[in-house]
Amino acid sequence: MTIITIVLFALSYIPTLFFNKKLKKFLSDYSSIEDKMVARKLKRSLPKIQEKMHNLS
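For reference, each letter of the sequence shown is one residue, going 951 to 1007 in the working numbering.
Among the hints, erroneous ones may be present.
Claimed, not checked - Keeping only pairs whose Cα atoms sit at most 20 Å apart, straight-line, the calculated EDC-like set for lysine to aspartate or glutamate is: (1) 972 / 985; (2) 975 / 1001; (3) 974 / 1001; (4) 991 / 1001; (5) 975 / 985; (6) 998 / 984; (7) 972 / 984.
The hints are simulated quantities; they were obtained by calculation from the structure and are not laboratory data.
Work out the full structure, taking the sequences as your base and the hints as a guide.
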């Protein structure tokens, strides 16, 4: 049971890792960015994008 829990916990990070990589790549392509544009291009919610951008700054 513990192994299953650990595996599920580890798998829950995979989408986050892909999203962070995609966001960093997108941000590196632009010198000036707006959070609304990023949210629209990545098809994510604006508050989530704002939080990630704040954490990266």
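Exercise. Which hint numbers doesn't this structure obey?
Worked result: Violated hints: none at all, because every hint is consistent with the structure.
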